[in-house]
Amino acid sequence: MEQSAWQSFFQLFISGLAAGSIYALIAVGFAIIYKATSVLNFAQGDLLVLGGYLCFSLMAYLNIPYIFAFLIAIGLLALMGIMIQRSILNRMIGEPIFTVVMITIGLSSVLQGLFGLFWGHEEQKIMTSAADRIIALGGVTLTMAHLIVMGVIAVLFSGFFLFFKHSRMGIAMRCTALDQDTALLMGISVKNVFSLSWAIACVVACVGGVFFGQINYMIPAMGAVGLRAFPAIVLGGLDSIGGAIIGGLTIGVLENLISGYLDVWLGGAGLKEIVPYILLLIVLLIRPYGLFGTKEIIRV
Amino acid sequence: MATCGQFKTTYREDIKVWKTLWLKSWFAFLFMLMILFPILNPADCYLLYITNICGIAVIGSIGLNMLSGVTGQISIGHAAFLAIGAYTSAILTATLKFPFPIALIISGFVAALLGLVVGLPSMRIKGLYLLLSTMAFYFITLYVLVHWKSLTGGVEGIEVQTKIGSFELDTDLKFYFLIMPIVVLLTAFARNFLHTKPGRACIAIRDRDIAAETIGVNLFKYKTIAFGISSFYAGIAGSLFGHYIGWITPEHFPFSLSIEYLAMIIVGGLGSVLGSIFGAIFIIAVPEGIRLISHFLSNIYPDVIMKFIDLKGVIFGLIIISFLVFEPEGLAGRWEKIKIYFKNWPYAY
Chain H
1 MEQSAWQSFF
11 QLFISGLAAG
21 SIYALIAVGF
31 AIIYKATSVL
41 NFAQGDLLVL
51 GGYLCFSLMA
61 YLNIPYIFAF
71 LIAIGLLALM
81 GIMIQRSILN
91 RMIGEPIFTV
101 VMITIGLSSV
111 LQGLFGLFWG
121 HEEQKIMTSA
131 ADRIIALGGV
141 TLTMAHLIVM
151 GVIAVLFSGF
161 FLFFKHSRMG
171 IAMRCTALDQ
181 DTALLMGISV
191 KNVFSLSWAI
201 ACVVACVGGV
211 FFGQINYMIP
221 AMGAVGLRAF
231 PAIVLGGLDS
241 IGGAIIGGLT
251 IGVLENLISG
261 YLDVWLGGAG
271 LKEIVPYILL
281 LIVLLIRPYG
291 LFGTKEIIRV
Chain D
1 MATCGQFKTT
11 YREDIKVWKT
21 LWLKSWFAFL
31 FMLMILFPIL
41 NPADCYLLYI
51 TNICGIAVIG
61 SIGLNMLSGV
71 TGQISIGHAA
81 FLAIGAYTSA
91 ILTATLKFPF
101 PIALIISGFV
111 AALLGLVVGL
121 PSMRIKGLYL
131 LLSTMAFYFI
141 TLYVLVHWKS
151 LTGGVEGIEV
161 QTKIGSFELD
171 TDLKFYFLIM
181 PIVVLLTAFA
191 RNFLHTKPGR
201 ACIAIRDRDI
211 AAETIGVNLF
221 KYKTIAFGIS
231 SFYAGIAGSL
241 FGHYIGWITP
251 EHFPFSLSIE
261 YLAMIIVGGL
271 GSVLGSIFGA
281 IFIIAVPEGI
291 RLISHFLSNI
301 YPDVIMKFID
311 LKGVIFGLII
321 ISFLVFEPEG
331 LAGRWEKIKI
341 YFKNWPYAY
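Residue numbers (my numbering), protein chains in the order written: chain H, 1 to 300; chain D, 1 to 349.
Calculated directly from the structure, the hints in this document are not laboratory data. Fair warning: there could be bad hints in the mix.
[As the list claims (entries may be wrong)] Dumping the calculated DSS-like pairs for lysine-lysine here, alpha-carbon to alpha-carbon at most 25 Å:
no.	chain 1	residue 1	chain 2	residue 2
1	H	K295	D	K126
2	D	K16	D	K197
3	D	K19	D	K337
4	H	K272	D	K197
5	D	K339	D	K8
6	H	K125	D	K307
7	D	K16	D	K307
8	D	K307	D	K19
9	H	K272	H	K125
Chain H on its own, in the form it takes in the complex (with noise of 0.2 Å):
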């Protein structure tokens, strides 16, 4: 009886594990963009459905193979990402943080229309012969692409942090989040800077909608999760890429325990909905910079 309670627990834990790597892959999207242009992106979430839908269509009719419509579809949203940085956001630069946010909950609407013109309203999943594969792991069972999701999570997290420590450009972001008046006067191309997150950040997204795509069915509206992942950021720290990945983590596994625990007593009321938002305001009152982000000193 222990172990079976045991087993359910690590059932749980995994799933919700498996869950949050896209709340983390959406957050980091999130957390580059903000740390960089101290601009909070609400289209963060239709950029990964734009990434899935296009490796979708690139496979479905195209018939190019999954790595390769992966890789257009990433390159596509990198560019995508620059376009949007270059035609409009550049414009915006000095404007009040509310009209630059605007803009992105624009953009967002924007994009949900375009999904629903192009791909119709019907569900689609992106079908890879290895994604749904079960695999079980000592009474733990999860499908390959969940195991595929954890493993890029790893590789993509190392990889920032080597780009942000050792590469010239990674050096010269983390320049451009520090002060933006003396990285200009340093010398380095701001523009640049701007263009390369969102092209970092859209990538992100791409991979993570790839992978949304084969473990969810995909509908324009599904952008919407993004808003779930504001509580992994905020949870995190805006400007904490690292932070954004715990917080993504950890806001997936808890609305999976508390949802598997709680929900039987609540007559199955799927607290699930609630739980990363209750959680925000928590974090807000207590803790409003996050736990790795930084303390915003206001100087007169």
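Using the hints, position chain D against chain H.
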């Protein structure tokens, strides 16, 4: 004819809402037009319906503008307050048999009370963080509405009756004469509020909160007041909306409704009462325009009707983006520019 300036000798004169006789007569004209409007086209129910919906949206958007435009506290949870107003009023009239006018006022105050609660964190957090906390509040409210079945009827929603004694408000015309006086009243209040001490304090908080605090503005008090007023307006708008459509479900208050209201104040002009009115009319009228055009086009392309919602989303997003990029002062700002142009005509300035 270029005017040679109005001279104000006292401060009272400067803060007057109706500064000139000219303005007063225009308002009298507008007032007459509002009374005559439904009588002039008695057969056109559709136009009357749109006007009523616009009136409700005007109330809601003035409310949001008081918070986001005037005080600078961005809220993306406005739909939650509309829902709270609508449900409070529906429950009061249906189960507790309150007469409608009392339920209307109570629903405003209930929303205001919850607004105060949501406003409490604004002491500690601001900007994007406050935005996120209002978003969390919205989703929690929606969850409660969906899952507290015994009170709210869950996803099926509840019926809303509108009776004052034995008199039943059942036609668009009757609702027009209910909604419009409330719109006028609340607009007048908002316009006057901006010229009072709390109103000016709110503007100071928006412009630079730290500076406002140093000159003695109690940030917490006035932010909370702004939250309260904003949600009071939303509660009234929600209640009217619920009574007007007669049946409310959580689906009537989607997250996109909050965004629609934000779009209204952006398109209209942040911090301007006139702007809220322009914005509300614009945001309500544009989708109706798209709907009419797509109906018209459906003779040629039958698919168009199916695509209406997506098309609406795309155009809606483009409107928000282009207003922010090209016309950040909104329609109210454009209106001022047009007025100045004609005032100075034929000179440039």
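- When you check the alpha-carbon spacing of K272 of chain H and K125 of chain H, does it fall within 25 Å? Cα-Cα ~23 Å, so holds.
- Message: Hint check: K16 of chain D vs K197 of chain D, CA-CA at most 25 Å. Holds or violated?
- Response: holds (14 Å)
- Item | Pair hint outcome, K16 of chain D versus K307 of chain D [Cα-Cα no greater than 25 Å] | Answer violated: K16 of chain D to K307 of chain D is near 49 Å, above 25 Å.
- Quickly compare the C-alpha distance for K339 of chain D and K8 of chain D to 25 Å and report which way the hint goes. holds (20 Å)
- Item | K272 of chain H paired with K197 of chain D [C-alpha distance capped at 25 Å] | This hinted pair is violated, its Cα atoms lying about 45 Å apart.
- Below or equal to 25 Å on CA atoms is what counts here, so check K125 of chain H against K307 of chain D. This hinted pair holds, its Cα atoms lying about 22 Å apart.
- Message: Check the hint pairing K19 of chain D with K337 of chain D against an upper bound of 25 Å on the C-alpha distance.
- Response: Given pair K19 of chain D, K337 of chain D holds - Cα atoms ~19 Å apart, limit 25 Å.
- Does K126 of chain D lie within 25 Å of K295 of chain H when you go C-alpha to C-alpha? Measuring from Cα to Cα gives roughly 13 Å; hence the hint holds.
- Query: Taking only the CA atoms, is the gap from K307 of chain D to K19 of chain D under or equal to 25 Å?
  - Reply: Status violated; Cα separation ~48 Å.
The structure does not agree with the numbered hints 4, 7, 8 stated previously, though it agrees with the rest.
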